[in-house]
Every structure is written in C-alpha cells, then in structure tokens.
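Please model the entire structure based on the sequences and the hints provided.
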Amino acid sequence: MPDDTLTRLCAAIDRHAACDDPLPLFTALFAAIRPPRADDAAAAVAGYDAMLDLFAADEARRAAVQRQLARLLASRRLVGFLADSGILPPTGFFSELTRIASHRVLPELPEAGEMRDALHVVFHRRDDWRWLAEIPADRSLRFWRLLAPHEAMTPQERAWIAEQIAEAMLVLAYRISAFEVEREFRRLDEQFAGYTQAFRAVAGEAQRFVDAWRAALAEGVPPAEDERHLLVLIDQCEAMLDRAHRAATRFGTSLSLTFSLTRTAQSLRRLAVLAHLMGSHAHEDSGESVERAALARWNELTRTALRAENQRNSLRQHLSRGMSLLALRVTDNAAKSGEHYVTETRPAYWRMWRSAMGAGAIIAVLALLKIFASKLEIALFGHAFIYSMIYGLGFALIYMLHLTIATKQPAMTAQTIAGYLGEARPGRAQDLERIVDLIAAVSRSQIAAIAGNVAVALPVAIGLSLLWQQHFGEPMVDVGKGAHLLDDLDPLGWALPHAAIAGVFLFFSGIISGYFDNLAAHSRIGERVGRLRWLRRLVGEGRAARVGAYVDDHLGGLSGNFLFGCMLGSAGTLGVIFGLPIDIRHIAFSSANFGYALAAFEFALPATAVLWAALGVALIGVVNLSVSFSLALWMALRARGVEFRQTRELLGLLGRRLRASPRSFVAAPAAAG
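Start counting the sequence shown at 2; every next residue gets the next number (the numbering used here).
Keep in mind that a hint or two might mislead.
Across the chosen pairs, the derived CB separations fall in these ranges [unchecked claim]:
id : residue 1 : residue 2 : range
1  : W145      : R532      : 29 to 35 Å
2  : V505      : P108      : 48 to 54 Å
3  : E220      : D243      : 39 to 45 Å
4  : A42       : E434      : 30 to 36 Å
Hints were generated in silico from the structure; no laboratory data involved.
Every value quoted in this text rests on a predicted model; they were computed, and no experiment measured them.
Ideal Cβ positions, reconstructed from N, Cα and C, are used throughout, including at glycine.
The structure is reproduced here in structure tokens:
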C-alpha cells in the first residue's frame with residue numbers, strides 16, 4: 002500500500018467522518034486515490050486497492066465510512082440516479098445536443114438533494130470516468146461488500162431507500178409502457194403487430210409488484226412478493242426488441258426508431274436489475290444469499306451509472322453515442338456492397354480488370370472536362386458547381402455502367418473485413434485463415450482496380466491530346482497548364498495532404514451510400530417512386546414500377562457516388578474562399594492529368610521529372626487507399642463493438658501466406674479457395 006495514498010486516505014476519514022454532510026468525506030476519499038492521469042490504469046487500480054485494504058485492516062475507520070455512506074444514500078433522492086443515469090434521455094438526440102451545448106456555456110445549477118448532482122461533486126473531473134472504467138468489477142464489488150450500508154442504517158433510512166428503488170421501478174415501467182411504435186413495428190413486419198401490448202403489461206405487473214411490496218412493508222412483515230413473473234415479461238420484451246433490431250437490418254431503420262429501441266432496451270435491463278434488488282426469490286437457483294446477490298446487482302448498476310453520469314454533459318460522448326446508433330445499420334449496408342468488390346476466382350478477377358479499365362476511360366474524359374471548365378471566367382460558385390457536376394454525374398454514370406473506381410473499394414471492403422474480425426473466435430485458427438483469405442482477395446482486387454484505372458486513364462489522356470493536336474493543330478493543354486498539372490503531383494508539395502483529404506471524402510462516400518441504402522429500405526423510397534402519378538402517366542405503371550425497383554436497389558450507390566463527386570468538385574473552391582490549402586488528389590484523375598501534362602510538353606520532359614511525377618501518382622494512390630480504408634475499418638469495428646485481440650496471430654499467418662504464396666495477393670487462383 003503506497004504510504005502517501007494511505008496517509009491521504011486516513012486524513013480524509015479523520016477530518017470528515019463526523020461531518021453532518023457525508024459528501025465531503027467521499028469527495029476527499031476519491032480525490033486521494035484519483036490517478037494523476039485519467040488513463041493511468043495501474044495507478045487507478047493501485048489507489049483503489051489501497052483504499053480497500055485500509056477498510057479491511059482498520060475496523061474503526063471502515064465503520065465510520067460505512068455510516069457516512071448510509072447517510073449519503075438516505076439523504077439524497079435516488080430516483081433520478083436509478084432510473085435515468087446510463088439510459089438515453091427522453092428528449093431525443095438533437096434536443097439533448099442543444100442542452101449539453103448550452104450547459105457548456107452556462108453550467109446548470111446542481112440540486113443538493115439529488116444523488117446525481119452529488120456524484121458530480123465527488124467525481125468533478127470530466128475524465129474521471131476513464132479511470133473508473135479501469136477498476137475491475139471484482140474490486141468495486143469488494144468495495145460494496147466491505148461498506149455494505151444496510152447494517153449501518155436505521156429502519157427509517159432503509160425504508161427511504163427501498164421506497165426510492167420502488168419509485169424508480171415504476172418510473173422505468175411506465176416509461177417502457179409508453180413505447181408507442183406500433184406503426185413502426187408493423188412496417189418492419191406484420192408479425193410485430195400488437196407487440197406494444199407486451200410493453201404495457203410490464204407496467205401493470207410492476208405496479209402490482211410494488212403495491213404488494215409496500216403493503217408488506219407497512220404491515221411490518223418481510224416482503225415475500227415474487228418478482229419472477231415481472232422478470233419473465235421483461236425477458237419477453239427484450240426478445241421482441243432483438244427481433245425488431247434484426248428486422249431493421251433488412252427493412253432499414255431511422256434515428257428516432259433506433260433511439261427509441263435502444264432507450265427501451267436500456268430501461269428494461271435497468272428494471273430487471275431493480276426487480277432483482279427488491280425481490281427475494283430470484284437468487285435461489287444460484288445458491289447465493291439474497292444480500293450477496295443484491296450487492297452483485299447493485300455493483301453492476303453503479304458501475305454503469307457512475308461512468309454515464311460523469312459523461313452526462315460530455316459533448317463528445319453524446320455525439321459519439323448518437324453516431325453509433327445508426328452506424329451499424331449503415332455499415333451493414335456498406336458491407337453488402339463491399340462483398341461485390343472482392344474477387345475470389347480468376348473470372349471475377351478479370352471482370353474487375355475490365356470494369357476498372359472501363360472506368361479509367363471515362364475518368365480520362367472527366368479530367369479533360371475539368372481542365373476545360375477551369376478556363377471559364379465565372380464566379381467561384383460557378384466553378385464549384387460545374388466541377389461538382391462533372392465529378393458527380395461522371396461517378397454516377399460509372400456506377401450505372403457497373404464499372405469500378407479503385408478508391409471506392411476500401412470504404413466498402415473494410416466493412417466486410419470488420420464483419421470477419423467480429424466473427425473470429427479466440428483459439429480458432431480456421432477463423433483467422435478466413436480473414437487471411439479475405440485480405441488476399443481484397444489485396445488482389447485493389448491491385449486489379451488500381452492498375453485497370455491507371456492503365457487506361459493515362460493512355461486515353463495521351464490519345465485524346467494527340468487527336469486534338471492532329472485535328473485542331475494546337476495543343477489541347479498548353480505548357481503553363483501542363484506545368485501546373487505536374488506541380489500538383491509533386492510528392493513533396495501538397496499532393497499527399499490533398500490525397501488524404503480525398504481519402505476522407507472516400508470514407509464519407511461509403512457512409513453516405515450505406516445511409517441512403519438504409520433510407521431506401523426504411524422509407525420504401527422505391528415503392529413511393531413507382532407510385533408517382535406523373536411518372537406513371539409518362540412511362541406507364543409497369544415501367545414506373547421498374548424505375549422504383551431500380552431506385553430501391555441503387556439509391557445508396559447513386560447517392561454515394563454523386564455526392565462524392567460533389568465533395569471532390571467543391572473542395573478546391575472552398576479552399577480559395579477560406580484561404581486554406583484545401584484541395585483533393587485522386588489517383589485515377591492524377592494519372593489522367595499526368596498524361597495530359599506529358600502531351601503538353603510533347604513528351605520532352607527529363608526522365609527524372611517523369612519518374613518524380615509517376616512516384617507522386619503512386620503515393621497519391623497509397624494515401625487515398627490507406628486513409629479511406631483506415632477510417633472505414635475503424636468505424637466498422639466501433640459500430641459492431643469488435644475488440645480484436647488476435648493481431649499478432651493474424652500478422653503471423655499473413656506473413657506465412659506472403660512467403661508461401663505471394664502471387665495470391667496479386668492474382669486470383671484459377672478456382673475459388
């Protein structure tokens with residue numbers, strides 16, 4: 002036990018044990034064990050252990066802290082802490098965002114009688130949740146076992162706390178009963194019709210349970226009410242929510258529905274914990290005493306609620322949590338698209354080549370159109386609009402022709418890899434082998450797509466320049482513009498930072514595609530398009546239905562590609578407006594621009610200049626791919642809650658595969674597997 006920590010703990014207890022208000026004691030205790038850095042897990046655990054060891058060794062001080070803990074629990078209102086801490090707020094995402102932002106400017110006034118506000122005094126640093134999360138569950142359980150306040154309480158204090166728990170149960174139960182999404186459930190599937198009745202039944206059973214418990218307490222007899230029927234109803238509701246979540250992956254979801262489903266699931270879990278605390282029969286099967294089981298449940302509740310309460314006014318946490326609500330639906334849709342970008346067989350591999358080569362030809366034309374548009378003497382907005390239309394409509398055309406832009410792959414394939422990582426079980430070598438197979442397939446698919454784009458975009462750009470020169474008798478791109486295009490490829494200039502910006506946009510395009518796929522499924526966009534009166538009059542009901550079906554299947558791809566083009570087209574103009582070095586570099590367009598620059602100089606550039614520009618094109622591609630893939634993989638893993646802990650084993654298998662079969666990372670086998 003560190004001597005300085007022990008000294009601070011003893012001093013805190015001796016100074017505050019006799020105070021009328023128990024709050025200063027616990028503020029001083031946790032200040033004594035708070036690590037200098039919130040992310041120092043070792044220091045956090047060491048300090049916490051020092052406090053527990055003191056309680057175990059010094060009976061007098063332990064009893065003093067125990068008595069003050071009993072007074073703290075009995076002198077504060079617990080309903081808000083028990084029913085709200087760690088549960089999504091009822092106000093919705095944007096209302097809560099406004100509340101947090103306003104309170105950051107003008108802090109809210111704490112209520113002295115609320116346990117939630119008292120905890121903000123004890124854990125007053127915004128990052129306290131970090132070190133609290135590092136305390137193992139067995140240590141916090143030992144804390145409650147050493148300081149179990151029940152034996153130090155008066156009958157009045159015990160009755161107050163029991164009433165607070167009962168009231169929190171009713172708050173949760175009636176909140177659950179207000180889960181009115183009958184229409185949303187029926188939209189997911191007709192089998193969900195009538196499901197909300199089960200949630201209303203929870204409120205009725207909770208009220209009956211609490212009334213019986215209060216009556217027993219008033220008569221002075223031990224409460225013997227059986228909470229197991231309430232727990233069965235809770236289990237049934239949780240099963241319904243699970244089925245609704247699975248249905249949402251097929252039929253789409255919305256932020257409000259996902260928010261409501263998540264909040265109701267959290268409320269059900271919290272109600273179950275409180276029912277276990279209040280009940281007396283749920284612990285017979287495990288052989289635990291009622292008190293030990295109650296402490297275990299209380300420990301589970303407080304660990305979650307304490308961390309959540311410390312983050313209640315965290316803008317970053319709220320934004321992160323809100324984005325995660327829809328992230329899994331979005332990434333699941335992107336993962337389905339990602340599977341189409343992975344080549345398993347040789348025919349699929351050559352199809353990828355042909356698809357990428359076709360896209361390369363179109364990209365060379367788009368790059369030329371942008372060069373021509375840059376000569377127009379129009380306002381900045383006009384340039385941004387024209388560039389965005391060139392890129393956006395061009396990418397949409399490439400998508401509609403089933404062609405492939407190489408850099409669109411990482412944002413999609415990362416979702417597929419994340420799914421495989423999430424399914425990998427520790428000690429299962431075959432699971433890791435599947436991931437290695439997938440990485441090899443992704444690698445050769447990327448190489449085929451990049452090579453196909455570049456191998457066609459570059460010569461097509463040169464060919465167009467030569468045709469223009471032959472037909473009009475003047476260069477299509479003058480030397481000044483050619484020098485500018487070469488300067489854009491300089492690896493030591495802004496080429497690589499601008500390539501990173503394009504990589505971020507590529508990541509966003511994958512998210513946009515997933516979002517619109519989800520929107521199409523959830524809002525039945527295709528069916529609604531097929532029912533447009535003017536469209537049915539124009540092309541007939543049958544063709545209108547086919548148009549709707551196409552929109553339903555391809556809204557995500559069309560939206561993602563078009564808006565990706567808009568981001569690329571407007572980035573440079575925004576940089577000029579704000580005076581910032583913002584622009585984009587994309588490998589396929591860079592290779593086409595390289596071709597136009599070579600033709601502008603009539604192929605008379607020094608070899609060093611050509612090699613330097615070629616290196617710039619290659620590095621632009623590396624940055625495009627690595628940035629978009631890293632961001633997409635990070636989001637996919639976060640959305641799925643995947644914590645992959647077999648990195649070393651996976652890297653070892655990858656190394657062995659590279660040594661044994663390097664060709665599999667470049668070219669596809671003749672047959673799958």
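Structure-based check of all given hints:
no.: 1; hint: W145 to R532: 29 to 35 Å; result: 60 Å, violated
no.: 2; hint: V505 to P108: 48 to 54 Å; result: 34 Å, violated
no.: 3; hint: E220 to D243: 39 to 45 Å; result: 40 Å, holds
no.: 4; hint: A42 to E434: 30 to 36 Å; result: 33 Å, holds
When the structure is compared with the earlier hints, violations turn up for hints 1, 2 and for no others.
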